Structure formats: structure tokens, C-alpha cells
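Protein sequence lines correspond, in order, to chains A and B.
Mapping of the first sequence onto the working numbering: position 278 corresponds to residue 278, and the numbering continues sequentially without gaps.
Mapping of the second sequence onto the working numbering: position 204 corresponds to residue 204, and the numbering continues sequentially without gaps.
Among the hints, erroneous ones may be present.
Said to hold, decoys possible - Here are the in silico distance ranges between beta carbons for each label pair:
#1 B:D56 x A:L352: 50 to 60 Å
#2 A:D250 x B:G298: 36 to 46 Å
#3 B:Q239 x A:Q523: 55 to 65 Å
#4 B:T64 x A:L341: 47 to 57 Å
#5 B:Q357 x A:Q193: 38 to 48 Å
#6 B:Q399 x A:N425: 49 to 59 Å
#7 A:D250 x B:D226: 22 to 32 Å
As the list claims (entries may be wrong) - Selected chain B positions facing chain A (in silico; Cβ < 7 Å):
#8 N86
#9 Q90
#10 P92
#11 A103
#12 S141
#13 G215
#14 A314
#15 N318
#16 T327
#17 A371
#18 M375
By construction, these hints were calculated from the structure, which means they are not laboratory data.
Predicted, not measured: the structure shown is a model, and the values here were computed from it.
Think of the CB as a built atom: it goes at the ideal place given N, C-alpha and C, for glycine as much as any other residue.
Letter by letter, the chains look like this.
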Amino acid sequence: MTTTVSKDSKATRTRSISTAPPSMKVLAVKILFLAIVDAVAVFAMSMLFFRGDWLVLGIVAVTTLLVNIVYLSPGLLPGKYLTPGLIFLAVFQVFVVVYSLYIAFTNYGDGHNSTKEDAISAIVLQNTQRVEGSPTYLVQLVEGPGGLGLLATSPEGEVLVGTQEEPLQPLDPGAVTLDGDRAVAAEGWTSLQQQDVLQRQQEVAALQVPLSDDLADGFLRTTDARNAFVFQSVFVYDEAAGTMTDTTTDTVYADLGNGQFETEGGEVLGTGWQIVVGPENFLYPFENPRFGGALLGVAVWTFAFAILSVGLSFFLGLFLALTLNDPRMRSRKVYRVLSILPYAFPSFLSALVWLGLLNTEFGFVNEVLFGSANIPWLTDPWLAKFSVLLVNVWLGFPYMFLVCMGALQSIPEELTEAATVDGANGWQVFRGIKFPLLLVSTAPLLISSFAFNFNNFNTTYMLTRGGPRMEGVTENVGHTDLLITLVYKTAFEGGNRDYGLAAALSILIFIVVAAVSAISFRQTRALEDLH
Amino acid sequence: MKQSSLMKVAGVGALALSLAACSGGGTPAPAPSQSESAAPQGGGELVIWMDQNRADALTDVVATFEEETGTTVEVVVQDFDSIDENLTTQAPSGEGPDVIVGAHDWIGKLAQNGVIAPVELGDTAGDFQEIAVNAMTFEGSTYGVPVSIENIALVRNTDLAPEAPATWDELISTGQAAVDAGSAEFPLLVGIDPNNADPYHLYPLQASFGGPVFGINEDGSYNADDLQLGNEGNVAFAQALGQWSAEGIINPNISQDIAKEQFASGASPYTITGPWNLSAFQEAGVNYAVSEIPSAGGEPATPFVGVQGFMVSAYANNPIVASQFLTEYIAGEEAQTAIYETGQRAPALTTAFEAAQSNEDVAAFGEVGAAGVPMPNIPEMGLLWEDWGVAEGQIIAQQGGDPATVWTAMADKIQSSLDG
């Protein structure tokens, strides 16, 4: 962005002060900016190098190189303008789509949250439990030739020392410095100060000092670097065999390729990991006919909802625009302001207000407008659909009103006059002249409005949360669910969040919206040709 | 720490590239923390995710901790209800916090996703209310330091119902009498979600019919393999619920907000609610008293007890400091009292709990909670809420036919998703 500015200033400068060397200052600024960018990139790359993130490092390096080439080489003028935009496009559009696509082919979700290594360490860590009734040892972290160790004072006052490799050994009391009850230093060991401990927290947290040569006796572990307890591992990971063993029951859990540890008998450990599962998520609706049927119902309703919302709000908006555009109408400004009001509130707030208005017993609509009738606006499947549409049209017509008003006012008055002179009546003028001209300018907006309503999450979710619920389907699918709320519910609500399935469903939505938009835009072009 | 390299592509890529695009318009390094220079050198940086209330309450405790340990604490304020989800998705990328505040019933799911690590309370475990420590325990490990306990109870308008009802029938008859006399509009107010009923608010009544959700293991934890939701007591509750709905005692159109509003305006002698609504009643000038919910089915009407506490991320960069912060500061009376004072929920630390007894409301809610049961924290619990609530909603709205049939179908469906 800044480069664009400097380009502009360069142009002005060369024109006004022709004597000064034209590009020296600009060049200096350019080099300065590039230097900053490169410095940042080098810093980022060095961080990535130490983390071992080679893929990202490579991408950053290539991008930086590209940026330098584009801005340093003469020529490539379009590139200078396009590069920032292309980079943003790659990061915020292409990457998002590619990443969603990748997720759709994985089992990412509850219980499959990270990598296999993470799952193994989580299982081991969670099942490392304090031996019941084991005493509290006061510990001091020390370092010896064998690495990090614990200098532990038992409740009886015995002082022991050990490391990950060497089990705890009693120390000669004479070789130990005490601070109160706690041994704080021993000969041959360097005591770690608090700040050293803080520097090496991961190491300290991972330190397990065995009580004896027999691992079954347990080990000392500290979580706060001051107190240690005797722990035992219930689950042990066998690296060679790739299996997890429950030491209390000797059950062996193996990785059978399903992204989890399981026994042959089908017993599964809760924590699994992410794997690529192929097209499974896309096939899910087909393999579960009930869910597939519900999904089809939701898809049909989504189309109906989007088309009806756009159609009804467009005609309502158009009607109002025509009415309020008529010079014979009095106080037009007041009505116009009133018509735009729903547009001024955040839509989710309006939806919540409507939720209250439509309450069966206490809502304003039933209480006042229908004389205390108990009409179940939000809990009856068809009435709920009607209510969602009603609220959405209420939310959407001001936009259509504004659009139509603008389009109407841009149609030259002469056309109407000429038609009237030719003997056309008001309806004929509207049908034959105003409406087609209006459609040319509003059709693209109608299409984008369709795409918006196709994914209109706010209205549905705030008003009914997709309910009332469909019966006979295990998944949480409701009668007013749109595809997008269904995706949201699959991904973030209920017992098992399933990001993989949600991503697959959202890709299906993307395909539908893209196809509909493509076809519609082609139709629009035909409309323009007419014109 | 393992990185999800694809996520890194997004993060670092965006950073470096946006800089490139803006030709150096921004600074890449995170803003240096202000207290770094003043603190004793060497301390790590502790990142804590908290909601606004607790962040406000703990300002002093955090400042003391920073001063005494030389650690820099970065408090990131988040919406309480989204903390678990954010932790689940962000922790594996290495971008998560060291410590979060959370609800105990998240623990099963968070542990299943491997994003929280056990915290060893050591001998201090005995300093807390027993129910609080039990709630924070999952599969034998304790996952955090509990700070506050909350539960629902019966709140009554003492002008309309001077005495606490001893039995459910007494509650109903007093309520009905008030309605008949014209001094009240509703015999009882229980807030319900229009789409989803509210299993949480109805649970005490359900429990009083001998209807738990899961069986209990020997060590007191919930047994996911033993779903009790469809048992005899629960079916009896379903029938009673249908009957209460027919009699207008439980009304499907009274949402939580309406229940609060109506009780505050004196429209009912009774409501079943938690301490979070008391301030609204005080503001409205209602004279109220808190007591236990009378049994409707013969057994004690035990509410679910929710416990909030501080947990350590399994991906914490500073596990030792995090542990020290929890066991030495959050478990201390100062922190527990501070959180209690802003939230009005009973503290988990016994000494702080006893000190808080001077507040009548806290004492009354605490007494009811002491007899309650912790909300199950096993991950399987997540499969229940939705179906359970929908079935209750149908029964209350008198849809779907016989309450017992609706209920049994729901229990069967949950059983099959548990098996599946």
C-alpha cells in the first residue's frame, strides 16, 4: 500500500521538479521498506529454523525472495501493484479453501484433536497418577553429571537424590545443606535457582525420578518444583510395538489405522489423533439414509428460504419504492426513514427481539395482535418456517427498498413521459419500461442477496436455533435449519464436535452456491444483452 | 510442543506477507510486556484465559504473583462459554494459554482432546469442599484448582409464602392458593428454553423420583456404561412432568428471562433458580428467602452442582509456573474470597466458604449444594443434553403423545448413540 503511495508521489515529483534526480529519494524509501520487510522475514525465518518448521520457513523464504525480485527489478510494473493483493489473496482466500478441503478429508473433531505424539503424551500424562496416600517430599532441583535431578527430603527427614536414569539414593546427612526441613544443596550437585527452574520448565515437568530399579515402585515427580509425590503410570507406551498397555489390567491397545488406540475387541482409548480418512465425510450422508434424508430436506428448505426471502423482500421493497417515489405521496421522507429502520439494527439483535415478540404465551404478537391466542409461532414446524421467513423479510426489505429506489431514480423521466405520450397506462409503463431497466441494475444484487440468504446464519440461529427438531434423526437437525446452521451445529454443538464432517458439508454448500451464482450471472448477461 | 504446520502456514505466512504487502507498515514482534523490566529476571510469561468477572476479581492476586515470582502474567479476557472450545482448537498449535478458568463439566471433553493436564493438589486437597474436588476429578486425576461452587435452589417470595414448603404438595397448594386469591399469577416459575426445555433446572425434580442420568462407580465417579436415564424413576418423572404441564405448574412458554422478570415483579411465590438472578430480585425489592427444593417423588431433590476452577493446559509453555500459580495463589484464601465477592457463588476453599457464610444467600445456596451431586464431567454427558431437553420440551408442550413413550424413546436413542 505504501509503495503505491510512493509511486504516486514519484509521479507528481517528476512532473513538478524536473531538475532534481527523479528517483533517489524514492529509491531510498523503497530500499528502506524492503530492508524492514527482509529483516522481519529473516527474524521470522530464524525463529522457524529453531522450531524446525521447515514447510513454513520455505514458504516465507520464497515469498520474501519474490517480493524482493518484484520490487528491485526494473519493469514488472503490474507486479508491483499486484503482489500485495496476490499475497493477501493466497493467505486469506486460497489457503482457507485449501485448508477446509484438507479438514474435510480428516477425522478432525472431538477425540481426534491433534497429532499421534500429542495423543500418546496426553494419555500417558493423564494416567500418571499419584500413588494413593503417598507422602509429600520437599524437593530442590539439582544438576549433576547425570543431568537434572531431584534432591528430596522425605517426611521422615531422610535426604535422597536421583535423576531420570539413576533411582533415588539416600545421601549422607553430612553432605547436605538444610534450610529448615528442606535440603537445599548437596555435595557434588549444583542447586538450581528459581530463575533457572523457570527457564527449564518443560524439562522439570517431564522429570521422573524412579524410587528404585523396579519401575513398578513408581517415581517422584514435581509439578511446582517444591513438592514431589510418588506417581505411577497406568498406561505405558511401547515405542517398538507402537502399542499402549494398561498396566493395571494388562490390556494392550494398538493403532489399527483408525486414528486411535483400540483393542481387537473394540475397546477404544478416549484420546485419539487426526488422520486422513479419505472421502468418508462426503459419503456420510449417503451411508446414513436418515441423516441423508434430513440433509436433503434441509437443502430444499435452504433453497426455498433463500428464494422466498429474496423474492418477498424484493417485491416488498419495490412496492414501497414505487409508492414512496410517487410525487403525489405526502410526508414521503418520514415513511422512507421508517422503512429503513429495520436496516439500522444489528440483525442478530432484531432476531432476539422477535424471539420475544413471538413467544407463544407472553409474546406481543399473540398477546396483543391475536387477542391472547396461543399460536405456537416457533415450535410448530410450518409456523416456525413461516416465522423465520417473516423475520428475514422484515430484516431484508429495507435493503431492497434502498436499491430499488436508487434504480428507479436513475431511470430517465423522459422514457416514462414518451411512453405516456404514446398512450401507455401506468401499469404498462412499469411493466414494459421501468421493471426491465430496474432488473438490469438490480439482478446482480439479487443474486448476491440470494447467496447471502442461502447462508443466513443469524436469523435462523438466533430465532429458532434450527428447531423444532426433526424426529427420527439421530443428529441434531431441525425443521428450520439451513445448511449453514447445520454445519455450525455439526462443528461446534452437541456431544461430538465433528470438524471434518462440517468441513465436508460446507464444501457441498460452496459448490451449490457457486453453481447457482454462475448460472444466474450468465442469465444476467443475457438480460444486459437485451438492454 | 508439536506444531500443526498448516496452521503455522496461515499464522506466520500472514504475518510476514502482510508486512511485505504493507512494505513494513507494522511491527512484527509482540508488544513487549510492560512489567518485564521491573520484575526479577528469569521468570517466564504466564498466559491466562479468564472471563471479565474473574479477571477483575484477580487483579490484585495476579499483581502479587508477578511481584513475588518475577513472572509476567498476561491475562487474556474471553467469553467464559467459548474458552473450552478455543482451548481445544488453539492449544495444539502452540498458541494456547498456560492456564484457563473453566467449568468442571468441560473436563471430560478437554481431557479426551488431550488439552488439559492433571494438577496435583497434594495435601491441600483436603482444604477444599469435598464436592468441589470430586467435581474436578476425572478418571482418577484432578484437573484443576476449584474456585467456586454454584447450584440452583428454591427461591420464594416471603410476602406470598412466609414458610419454606416442607413437601412438593405444600408448595403447589400454597402457590395455587396465591393464584386463586389473585395475589399471584403463577404457582411456580421454572425458566425453560423454548427450543430445548431445560434439563438443568428440572433435574432436582427428576432426581427426587430416583432418576439419575448415569450410574455411579465405586469411587464415586459417573459410569458412562450405565445410562440410567430410562429407568423407572425417570419414567415416573416424565409422567409427573406431563401432569404438571397439564395443570399449568410448568409452563413451556416461560423462558429464563420471563421467569426472572415475573418473579421480580412478584407474580409468583416460588421460582427455581441460581444465585445469578438474586441481584435482579434485590433491585426489584422482592423479599425473598432461599431454601431446598422439596421432593416431588419421595427422594431428595438434589440439584446439579457446578464447580468452576483453574486448569493447566497440556501444551503450557510454563507448566511449573502455572502449577505454582494455581496451588499457591488461586488455592489461597485471598483469591478465593476475591472471586466470591464479585460472583456471589460459594468459594470452594473451606475456610473462605466458612467466612462467606455470613452472607445469608451464599449460606443457603451452599447448604442446598452440599446435598447436591456434581454435574457429570464425563465426555459422554455431551451426548445427553440435546435429546434430553428436546424430550422434556415435547412433554411440557404436550406433544408426541404419552410422556412415558416420549421419554423412553429418548433414552433408547441416547443409549444407541452411546453405543454407536
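Status of each hint after checking the structure:
The given range of 50 to 60 Å is broken by D56 (chain B) and L352 (chain A), whose C-beta atoms sit roughly 26 Å from each other. Range check, D250 (chain A) to G298 (chain B): Cβ separation about 45 Å, and the 36 to 46 Å hint holds. Checking the proposed 55 to 65 Å range against Q239 (chain B) and Q523 (chain A) shows it holds: the Cβ atoms sit about 58 Å from each other. Separated by about 52 Å at the C-beta atoms, T64 (chain B) and L341 (chain A) satisfy the suggested range of 47 to 57 Å.
One distance hint, 38 to 48 Å for the beta-carbon pair Q357 (chain B) and Q193 (chain A), holds here, with the actual separation near 43 Å. A C-beta distance of roughly 53 Å is found between Q399 (chain B) and N425 (chain A), which places it inside the suggested range of 49 to 59 Å. One distance hint, 22 to 32 Å for the beta-carbon pair D250 (chain A) and D226 (chain B), holds here, with the actual separation near 24 Å. The criterion of a C-beta within 7 Å of any C-beta in chain A is not met by N86 (chain B), whose closest approach is roughly 11 Å, and the hint is violated.
For Q90 (chain B), the suggested interface contact is broken, since its CB lies about 11 Å from the closest CB of chain A, more than 7 Å. At a threshold of 7 Å, the smallest CB-CB gap from P92 (chain B) to chain A is about 4 Å, leaving the interface hint in force. Evaluation of the A103 (chain B) hint against chain A yields a violated restraint, the C-beta minimum of about 16 Å exceeding 7 Å. Here the hint on S141 (chain B) is kept, as its CB sits about 6 Å from the closest CB of chain A, short of 7 Å.
With a cut of 7 Å, the hint placing G215 (chain B) at the interface with chain A is violated, because the nearest CB-to-CB distance is about 19 Å. Taking 7 Å as the C-beta contact cut-off toward chain A, the hint placing A314 (chain B) at the interface holds, the least distance being around 6 Å. Interface restraint check for N318 (chain B): the shortest CB-CB distance to chain A comes to about 5 Å, inside 7 Å, so the restraint holds. Restraint check, T327 (chain B) versus chain A: the minimum CB separation of about 6 Å is within 7 Å; hint holds.
For A371 (chain B), the suggested interface contact is broken, since its CB lies about 27 Å from the closest CB of chain A, more than 7 Å. Using the Cβ-Cβ criterion of 7 Å, the hint placing M375 (chain B) at the interface with chain A is not satisfied: the shortest such distance is roughly 15 Å.
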